[in-house]
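Number of protein chains: 2
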Amino acid sequence: MFSKLTLIGIGLIGSSLARALKEQGLATTITIGDINPDHCAKALELGLAEYATTDLAAAVKQADCVIICTPVSTYSSIVQTIAPHLKAGCILTDVGSVKQQVIEAVLPHLPETVDFVPAHPIAGTEHSGPTAGFAALFHNRWCILTPLENTPSAATAKIQALWGAMGSNVEIMTAEHHDKVLAITSHLPHLIAYTIVGTATELETSLQAEVIKFSASGFRDFTRIAASDPIMWRDIFLNNREAVLDILGRFTEDLTALQKAIRHGDGDTLQQWFTHTRAIRKGIVEAKQEG
Amino acid sequence: MFSKLTLIGIGLIGSSLARALKEQGLATTITIGDINPDHCAKALELGLAEYATTDLAAAVKQADCVIICTPVSTYSSIVQTIAPHLKAGCILTDVGSVKQQVIEAVLPHLPETVDFVPAHPIAGTEHSGPTAGFAALFHNRWCILTPLENTPSAATAKIQALWGAMGSNVEIMTAEHHDKVLAITSHLPHLIAYTIVGTATELETSLQAEVIKFSASGFRDFTRIAASDPIMWRDIFLNNREAVLDILGRFTEDLTALQKAIRHGDGDTLQQWFTHTRAIRKGIVEAKQEG
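Chains as they are written, first to last, in the working numbering: chain A, 2 to 292; chain B, 2 to 292.
Worth double-checking, as some hints may not be accurate.
Any copy will do: because identical chains look the same in the list, a pair fits if it lies in one copy or spans two.
Straight-line C-alpha distance at most 30 angstroms; calculated DSS-like pairs for lysine-lysine [what the hints assert, rightly or not]:
| id | residue 1 | residue 2 |
| --- | --- | --- |
| 1 | Lys283 | Lys43 |
| 2 | Lys88 | Lys214 |
| 3 | Lys159 | Lys214 |
| 4 | Lys214 | Lys23 |
Source of the hints: derived by calculation from the structure; they are not laboratory data.
With the sequences and hints as input, model every part of the structure.
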C-alpha cells in the first residue's frame with residue numbers, strides 16, 4: 002500500500018503498528034524515528050522495521066506515509082522538525098487520543114503539499130514501550146478519523162484502507178465531536194481511576210496493604226486503568242480540557258446526588274439509579290464491544 | 002463435612018455455592034430455601050440441591066449448617082423466621098458484603114444454641130440468579146470471616162475449612178475492619194461506576210449512542226461493574242454508610258485537586274499523580290490478584 006512508511010515513536014502503539022503493518026504486508030519498508038536510541042536499538046532487535054534512527058528529519062525523507070505515535074505534547078516540535086523534509090504527496094497521520102489540539106499543533110507547520118489525516122485507534126493496554134506492542138491490538142477495534150475540510154478524500158480513503166487492513170472498524174467524524182465522545186468514554190474514566198487509586202495510597206499504612214490484598218471486585222479494574230502511561234495521559238487532560246471539565250462537572254453533580262441518597266438512607270433513589278445503569282451494559286454487550 | 006446444609010437464597014452466590022459444595026462433596030444433602038418459587042423450580046431442574054422450598058422455616062430444620070445468600074436488607078426478617086427452627090449446634094453463616102450491620106441484624110434473634118460465623122467471599126460477576134452461578138467462582142478468591150467474640154473457635158474453623166475446600170483463601174478480621182477495607186476496594190468503585198454510567202445516560206441522544214459504540218478503553222469496565230445487582234448494592238450502601246461516606250469524602254477532595262490541575266494546565270501535578278498510581282498496580286500484580 003505504501004512504499005516507504007515511517008513511524009515516529011515506537012512505544013506501545015507504534016510497535017503494535019509496525020507488527021500489524023508487517024503482518025499484513027502494507028509497506029515495502031518501515032522506518033522508525035525515535036529520539037530514544039534504546040528504543041531504536043530494541044525495535045531493530047525485534048525486527049519491527051528495516052531502519053531506525055534518532056534523526057527524525059532523516060527518518061521521514063522520501064516517505065509516502067508518516068504516522069506520529071508519540072504523546073500529544075510532542076507534536077508541535079516534531080512537525081516543525083520533519084515538515085521541511087516531507088516529500089510532496091506524503092500523507093501525514095497520527096494516533097493521538099485528542100484531535101482538536103492535535104490539529105492546532107500540526108496545521109501551522111504543515112506544507113501545502115502534504116495531506117494530513119488525523120486518526121485515533123481506540124485501543125491500548127496499560128503497558129508501554131516497544132516490547133509491549135502486538136499485531137492484534139487493533140483487531141476488531143474502532144479507529145476514528147477526523148479529516149480536515151481540505152483533506153483530499155483520496156488521502157482519507159487510503160488511511161481508512163490502512164486501518165481496515167489491520168482489522169479495525171473505521172469511523173469518520175469531526176475532531177470536535179471526537180473529543181466530546183472520548184471525554185466521556187475514555188478520559189473521565191481514566192481520571193476517576195487515577196483519582197481513586199491515588200486516594201487509596203494515602204490511607205493509613207495498615208489499610209493500604211489490605212487494599213492491595215483484597216483488590217478483587219472493583220478496585221482491581223481501576224488499578225489497571227490507572228497504570229496507563231503517565232505522560233500520555235497528562236497530555237490528554239491538558240489537551241482536551243474543556244470537554245473533560247464539562248463532563249466532570251456533570252459527573253460530580255450526579256455523585257453528589259447519590260452521596261446524599263446514601264446519607265439520608267434513600268434506598269429507592271439508589272435502586273432506581275442502579276437498575277437504570279444495568280440497561281446500559283446490555284446495550285454495550287449487544288453492540289458487541291464485549292465478548 | 003455437613004450432613005444437611007441449607008442455602009437461603011439461590012442467586013449468583015447461592016447457586017455457585019451449591020455447585021461448589023456438590024463438586025467437592027462437602028454436604029450429604031443440600032436444601033434450598035428461596036421465597037421465589039421460580040428460583041426453587043429452576044434450582045431443582047439444574048440439580049443444584051436435593052430439596053427446594055419457599056418455606057424457609059421448613060428448609061432449615063435439622064440442618065447442621067445454614068448459609069444466608071440473600072441481600073443484606075432481608076437478613077433480619079429471615080433470621081426471625083428461621084431462628085425457632087434451627088437445631089442446637091447448627092452453624093449459621095452468610096455471604097454478605099457488609100458485616101457490622103449484618104451482625105446487628107442477626108444477633109438479637111439468634112438462639113444461644115446456634116453459632117454464628119459471619120463470612121464474605123470476595124467474588125462475583127455482574128450476572129444474577131440461579132443460572133448465573135458456577136462452581137469455580139470462589140477458586141483462588143479471598144473469603145473473609147468476621148467471627149464474634151463469643152463465636153466458638155471450632156465453628157469458625159469449620160467454616161474456614163468449608164471455604165478452603167472450595168478453593169478460597171480465608172482471612173479472619175473484625176467486622177469493623179472488614180467494612181473499612183471493602184468500602185475502598187469494592188463499595189466506592191461500584192458507586193463511582195454506577196455514577197459515571199448514569200451520567201452518560203443523561204447525555205444528548207446523539208452522544209449517547211456513540212458512548213455505547215465507542216465504549217472500549219475505560220468506560221466498558223465501568224459498565225460491567227455498574228451492571229451488578231441493584232438490590233444487593235442498594236443494601237450495601239445503606240448498610241456501610243459511614244465507611245463509604247468517609248472514603249467518598251477523601252476521593253472527592255482528590256478529584257477536586259486533579260480537576261484544578263487540569264483547569265490550570267498544571268501538567269507536573271498530573272504526571273506526578275499518574276506515575277504514583279502506576280506503582281500501586283505493580284503491587285497488585287505481584288500480590289497475584291491478577292494473572
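Status of the hints after comparison with the structure:
no.	hint	in the structure
1	Lys283 / Lys43	between (43 angstroms within a copy, 23 angstroms between copies)
2	Lys88 / Lys214	neither (55 angstroms within a copy, 37 angstroms between copies)
3	Lys159 / Lys214	between (49 angstroms within a copy, 24 angstroms between copies)
4	Lys214 / Lys23	between (41 angstroms within a copy, 29 angstroms between copies)
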